[in-house]
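Residue numbers (the working numbering), protein chains in the order written: chain A, 1 to 271; chain B, 272 to 601.
Careful, some of the hints might be misleading.
To give a feel for the contact side, a few chain A residues facing chain B, derived at Cβ under 7 Å [said to hold, decoys possible]:
no.: 1; residue: Pro11
no.: 2; residue: Ala15
no.: 3; residue: Pro188
no.: 4; residue: Val194
no.: 5; residue: Ile196
no.: 6; residue: Ile206
no.: 7; residue: Phe207
no.: 8; residue: Trp210
no.: 9; residue: Gly215
no.: 10; residue: Gly228
no.: 11; residue: His241
no.: 12; residue: Arg247
no.: 13; residue: Ile249
In the DSS-like style, the derived pairs of lysine-lysine whose C-alpha atoms are separated by at most 25 Å in a straight line are [what the hints assert, rightly or not]:
no.: 14; chain 1: B; residue 1: Lys523; chain 2: A; residue 2: Lys242
no.: 15; chain 1: B; residue 1: Lys555; chain 2: B; residue 2: Lys568
no.: 16; chain 1: B; residue 1: Lys289; chain 2: B; residue 2: Lys564
no.: 17; chain 1: B; residue 1: Lys366; chain 2: B; residue 2: Lys564
no.: 18; chain 1: B; residue 1: Lys393; chain 2: A; residue 2: Lys213
no.: 19; chain 1: B; residue 1: Lys500; chain 2: B; residue 2: Lys536
no.: 20; chain 1: A; residue 1: Lys231; chain 2: B; residue 2: Lys501
no.: 21; chain 1: A; residue 1: Lys213; chain 2: B; residue 2: Lys366
no.: 22; chain 1: B; residue 1: Lys568; chain 2: B; residue 2: Lys393
no.: 23; chain 1: B; residue 1: Lys500; chain 2: B; residue 2: Lys532
no.: 24; chain 1: B; residue 1: Lys393; chain 2: B; residue 2: Lys555
no.: 25; chain 1: B; residue 1: Lys289; chain 2: B; residue 2: Lys366
no.: 26; chain 1: B; residue 1: Lys418; chain 2: B; residue 2: Lys523
no.: 27; chain 1: A; residue 1: Lys213; chain 2: B; residue 2: Lys564
no.: 28; chain 1: B; residue 1: Lys393; chain 2: B; residue 2: Lys366
no.: 29; chain 1: B; residue 1: Lys289; chain 2: B; residue 2: Lys478
no.: 30; chain 1: B; residue 1: Lys366; chain 2: B; residue 2: Lys568
no.: 31; chain 1: A; residue 1: Lys231; chain 2: B; residue 2: Lys500
no.: 32; chain 1: B; residue 1: Lys523; chain 2: B; residue 2: Lys393
no.: 33; chain 1: B; residue 1: Lys575; chain 2: A; residue 2: Lys6
no.: 34; chain 1: B; residue 1: Lys555; chain 2: A; residue 2: Lys213
no.: 35; chain 1: A; residue 1: Lys242; chain 2: B; residue 2: Lys418
no.: 36; chain 1: B; residue 1: Lys418; chain 2: A; residue 2: Lys235
no.: 37; chain 1: B; residue 1: Lys575; chain 2: A; residue 2: Lys231
no.: 38; chain 1: B; residue 1: Lys568; chain 2: A; residue 2: Lys6
no.: 39; chain 1: A; residue 1: Lys213; chain 2: B; residue 2: Lys575
no.: 40; chain 1: B; residue 1: Lys501; chain 2: A; residue 2: Lys213
Keep in mind that the hints were calculated from the coordinates and are not lab data.
Beta carbons are placed, not taken as given, at the ideal position from N, Cα and C, and that holds for glycine.
Here is what each chain is made of, one letter per residue.
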Amino acid sequence: MKTYFKYFRIPFIIAAVITIVSLTAYFVAKSTQADVERHNTKWDYTNTVFDYADKMTDSEERALSERLIEIEDECRADIVFMTIDDPSNAYLDSVKSMADRFSEDNSMGYDFAGGSAIVFIDNWSRGGDGGVHFWLSTTGDIRNRISDDDVTDIKQDLYDLSDGDDPYYVYSKLAEGIYKKGGVLAPPYSMGIVLIVALVIAIIYIFLNWRSKLGDVTVNEMTYLDEGQAKFTHKSDTFTHKTVTKRKIERSSGSGGVGGGGSHGGGGGSR
Amino acid sequence: MIFKCKNCGGNIVYDPDKGTMCCPHCEGLDTEEKIVSSESMVTCVSCGAPMDSVVLEHTSATRCPNCGTYVILDERVQGTYEPDLILPFRVSRNKAVDALRSEFGRRVFTPTGFLNYASVSKIEGTYVPFFMYDYDTRTDYYGVGTKVRSWTTGDYEYTETSYYDIRRDMDAGFDKVPVDASDYMDDQYMDLLEPYAYEGLENFQDKYMSGFLGEKYNRSEEELAPRAKKKIEQAVEALINDSISGYTTVRKQSMNIAADKIGVKYALLPVWEYIFRYQNEDYKFHVNGQTGKVVGKTPVAKGKVVLYGTTVFGLVTLVGAMIRLLLAAF
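Okay, chain B solo, but in the shape it has when bound (with noise of 0.2 Å):
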């Protein structure tokens, strides 16, 4: 499917900073009219042309390599493959820039003007498909505390030790805890990109998806329960250790999790991945298509490192020196 201007007739897409359907030609909002297709989702729905290179295996949403289109995939948003949920992007390409140039300029090491010399060999807006999975948690823990104090009497120094068995039994729910269903993406980076503002989570419209690549899951969703169930158990212990306090050490004995899956939505996020090519390397950074947070390594620039690293240096040997005289006037 495509949508289609009425007024014009070109392409209308969907505008972050509008938050609405925006038509690029006529500047029309909420002009669109959706064109399903009839033929083989290989070819543009637009102008006919065939879109093998672009359609691979799990694309739910591409763009015509001959039009410049937009095509959603009808047969990978329907069905089986219809998404519960989609966060629509809030970030523009714009704004991604933005949020991208502000994080290079935190990064110190980083080449002055990286984003000026760099070349943009790939730079797209993706609704990325996720499990988001609802489970009840059931934990009974036993540890071992000791609190330790010492003191002198004389010539002896003594320490006493004070043993006490830690139990807790908690019972703890967690909402939409997500896990990305690309193999495309790297789990890493899309684990850093989290967290998502679930305020703004619709139930699917495909309107959506008009103006951005995306992909329908790869993996099913009881393939990747583990992924989740894994993060749930990691939350537990931490919830587990966060209510144990005052002890000088802490020993953990057991710990059982029953974990119960209760629900399981499969929503699509929105992510911008660019890849800038920068001294015959690629450097991949990937942005929260909501909050605008980035993931993503960058070059060092070693002249900056020393010129840096002396600069410290010489600082705190002046500063070191100078209260050393300070101190020695008083």
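Next comes chain A alone, as it looks inside the complex (with noise of 0.2 Å):
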């Protein structure tokens, strides 16, 4: 055990540094966090869920109640997942209409009525262009966070959702996904990707070591080479000709997924 705890010594320091300044500086910046209280209450801020179109069970309703009331605190926004089966507003537009006015309408705000706030309507009911509609609202400060770009990326999953589907999986991965890109103290990157890294990492090191050389190549080009150096009596590179290909660059377009404006941002689209 001596050679082991000699071999690793460094990097258990470095480690333990690490470690020491990582949870001294989150544990400072979650009481600081603390601090900021929710004093809008003309919003209660527990409705988060309205599953209208009736698409998830009652226990998964309140699973994902429970979890979008604690990115409430970690976003510091009031969020609302609304499901609809709405023939008369089958449209990417009224849907729109209908998330932005939402908040406005009912004074949602973390910070106050009118502030910040997310709210996601997803209308079941096929519209006259065939397609399932569905837009995520942003408000107030959390635009600062979760740019429209951003709700490009976790959107993405809402469009290979159909009638079959788990529709509470996709709104929970929606939810991790308002969460990772807006929460105060969001870490940018999950454990899974940690353990990988770390997997992959450990067998590279297992690999290098384990792998029984007999000795190092000590030897190179030039230890026998007479006077040190090779002479060139000739050496030419020449141009002779060029070759010059275009393609056209595919951009994802989504379905019929557009930008948000105003006072009001996010983004959604259509399957």
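Take the two lone chains, each set in its own frame, and fit them into one complex as the hints suggest.
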């Protein structure tokens, strides 16, 4: 064990220092965040899930709601997820308008009425264009943390959601996407990535040290070269010709996704 | 022949630490007296005991199994077998063991205390026969290189590939490229023991062999020349490649190497050979008798692999998780 500790002493010291610094910084930041309280009393922040289209079970609704309440604190934004089955609003513009208006009409806002809020509406009724339309609207400070481009990233799974799928799973992923992009103390990458990277590094480490090599090659092309150099009697690099090819760049456009504007941000799409 | 001490009559040997002939019995320095054998080479010059068991087909120096005297076989270091050059041992037995210990310490998964628990089944300093080849080479090379650049305009990505003819004519001389002339010694081990510092080469003197084993060349220099040529061709190709830079891709079209052998020397180079027995398996090591470089495979302790691998995994996970928190805090 003496050899073991001697071998790992520097990595252990580095890991200990990083651990102390990180934990200190994190808890200081967390305690600072804890001082920020929600002041808006015009909207009940516990109202987070409205499953009018009845796409989730009661227990799924409760679980999603509990998680959204946690995320509200992490993001400092009121959040609502709503499913509807409304043929009269089965157009993207209508769904966008509904989502934008919902936060205004209901005085949502974490810091104050009309403040930081996120409203997601998924209208399961197929419109005249044959699509199911959804919109995620952002208002207030949360727009500084969740840009319209971020919304484009986190809404990707919604495009593939169909009747036979599990909406709860997709909505939960959407919620985690909101947390990841908008959480004040949200880590920039997941623990899954950390574990995969650690596993890969450990495997490389074992591979490099396990290979029972005989020894290193310590001669090269110069070792036996007379007078230490070769003499080039001719050396030329002659340009002969060139070719140019062009390729059209395929830009992914989703299925009718559009950006937000005005005092609301966000994005939506159709599937 | 043997070397006897003029003072005490003991077998005097070459001492790598002192760099001179030394009597291990009376510690006399340079007190050697050469005794040439008048008997058959399978009989010890000192005690007359038969040495059939230790004198093999190519043995040129050995140790009497009866009295322990180091005997040099005259007929195998003279005439056609007389080496041109010899590189005397610079690394003593103790320093070779130190080199092994240090090397094992660097190999992470070698069982702790491998040297302490392994039994040494062989430990000998041996002069290995080598031919050293001098070659002059002329090379003409032709290749095609490409340089690629890309840019985007509007909805299109453009890729421009420029083609170049690469031509190189090169003259290069190679001096004393070594190839071992021993069938007993593994070529791979011998190649890895290189390089030797040739400043230490001396004209052959048989006294340097006293205290060590030795072999005469097993194969002729003509038989071994292709190995030297192959080494030289690899070096030439590397030199050509070193002279080509700045391309995205390079494709060799032709390379003609004319290699003229301009000289060959027969030399004896110093190698320590160790065979350790550990958990019923033999592990062979060679130590360059001049530079101390170690070549050989060590066993792997699976428990260490698990412990060290798990520790690396744990440390990276911990650091990754902590940096994750740190970035979240800012």
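Hint by hint, here is what the structure shows:
1. For Pro11(A), the suggested interface contact is upheld, since its CB lies about 5 Å from the closest CB of chain B, less than 7 Å.
2. Restraint check, Ala15(A) versus chain B: the minimum CB separation of about 5 Å is within 7 Å; hint holds.
3. For the restraint placing Pro188(A) at the interface with chain B, the shortest Cβ-Cβ distance is roughly 5 Å, inside the 7 Å limit, so the hint holds.
4. Given hint, Val194(A) at the interface with chain B, holds; its Cβ is 4 Å from that chain's nearest Cβ, closer than 7 Å.
5. Residue-level restraint check for Ile196(A) is violated (minimum Cβ-Cβ distance to chain B is 10 Å; threshold 7 Å).
6. Taking 7 Å as the C-beta cut-off, the interface hint given for Ile206(A) holds, the closest approach to chain B being about 5 Å.
7. Checking Phe207(A) against chain B: minimum C-beta separation of about 10 Å lies over 7 Å; hint violated.
8. A cut of 7 Å between beta carbons decides the hint on Trp210(A): the least distance to chain B is about 6 Å, and the hint holds.
9. For the restraint placing Gly215(A) at the interface with chain B, the shortest Cβ-Cβ distance is roughly 4 Å, inside the 7 Å limit, so the hint holds.
10. Annotation: interface hint on Gly228(A) violated; nearest CB of chain B at approximately 10 Å, more than 7 Å.
11. Using the Cβ-Cβ criterion of 7 Å, the hint placing His241(A) at the interface with chain B is satisfied: the shortest such distance is roughly 5 Å.
12. Satisfaction of the interface hint for Arg247(A) is found here, the shortest Cβ-Cβ separation to chain B being roughly 5 Å, below the 7 Å cut-off.
13. Here the hint on Ile249(A) is kept, as its CB sits about 5 Å from the closest CB of chain B, short of 7 Å.
14. The straight-line distance between the Cα atoms of Lys523(B) and Lys242(A) is roughly 19 Å, inside the 25 Å bound, and the hint therefore holds.
15. Proximity of Lys555(B) to Lys568(B) is assessed by CA-CA distance (about 7 Å); at most 25 Å being required, the pair is judged to hold.
16. Taking the CA atoms of Lys289(B) and Lys564(B), the gap is near 20 Å; set against the 25 Å cutoff, the hint holds.
17. Simply put, Lys366(B) and Lys564(B) have alpha-carbon atoms about 11 Å apart, close enough for the 25 Å limit, and the pair holds.
18. For the proposed pair Lys393(B) and Lys213(A), the alpha carbon gap of about 21 Å is at most 25 Å, so the pair holds.
19. With a C-alpha separation of about 15 Å, the suggested pair Lys500(B) and Lys536(B) falls inside the 25 Å cut-off, and the hint holds.
20. For the proposed pair Lys231(A) and Lys501(B), the alpha carbon gap of about 20 Å is at most 25 Å, so the pair holds.
21. At roughly 22 Å between alpha-carbon atoms, Lys213(A) and Lys366(B) fall within 25 Å of each other, so this suggested pair holds.
22. A distance of roughly 16 Å separates the Cα atoms of Lys568(B) and Lys393(B); the hinted pair therefore holds under the 25 Å criterion.
23. For the hint pairing Lys500(B) with Lys532(B), the CA-to-CA distance comes to about 9 Å; that is within 25 Å, so the pair holds.
24. Annotation: proposed proximity of Lys393(B) to Lys555(B) holds, straight-line Cα distance about 9 Å (limit 25 Å).
25. Note on Lys289(B) and Lys366(B): the hinted pairing holds, with a Cα-Cα distance of about 13 Å set against a maximum of 25 Å.
26. A distance of roughly 15 Å separates the Cα atoms of Lys418(B) and Lys523(B); the hinted pair therefore holds under the 25 Å criterion.
27. Between Lys213(A) and Lys564(B) the alpha-carbon distance is near 14 Å, which keeps this suggested pair within the 25 Å criterion.
28. At roughly 16 Å between alpha-carbon atoms, Lys393(B) and Lys366(B) fall within 25 Å of each other, so this suggested pair holds.
29. Restraint check: the Cα-Cα separation between Lys289(B) and Lys478(B) comes to about 14 Å, which is no more than 25 Å; the hinted pair holds.
30. Proximity of Lys366(B) to Lys568(B) is assessed by CA-CA distance (about 19 Å); at most 25 Å being required, the pair is judged to hold.
31. Straight-line distance between C-alpha atoms of Lys231(A) and Lys500(B) comes to about 19 Å, which keeps the hinted pair within the 25 Å bound.
32. For the hint pairing Lys523(B) with Lys393(B), the CA-to-CA distance comes to about 48 Å; that exceeds 25 Å, so the pair is violated.
33. For the given pair, Lys575(B) sits about 14 Å from Lys6(A) by alpha-carbon distance, which is consistent with the 25 Å threshold.
34. With a CA separation close to 13 Å, the supplied pair Lys555(B) and Lys213(A) stays within the 25 Å bound.
35. With a CA separation close to 9 Å, the supplied pair Lys242(A) and Lys418(B) stays within the 25 Å bound.
36. For the suggested pair Lys418(B) and Lys235(A), the alpha carbons sit about 18 Å apart, so the restraint of at most 25 Å is met.
37. For a cut-off of 25 Å, the pair hint linking Lys575(B) to Lys231(A) is broken: about 51 Å separates their Cα positions.
38. Our distance criterion of 25 Å between C-alpha atoms is met by Lys568(B) and Lys6(A), whose separation comes to about 24 Å.
39. Of the pairs offered as hints, the one joining Lys213(A) and Lys575(B) holds, with about 17 Å between alpha carbons and a cut-off of 25 Å not exceeded.
40. About 23 Å separates the Cα atoms of Lys501(B) and Lys213(A), which keeps this hinted pair within 25 Å; it holds.
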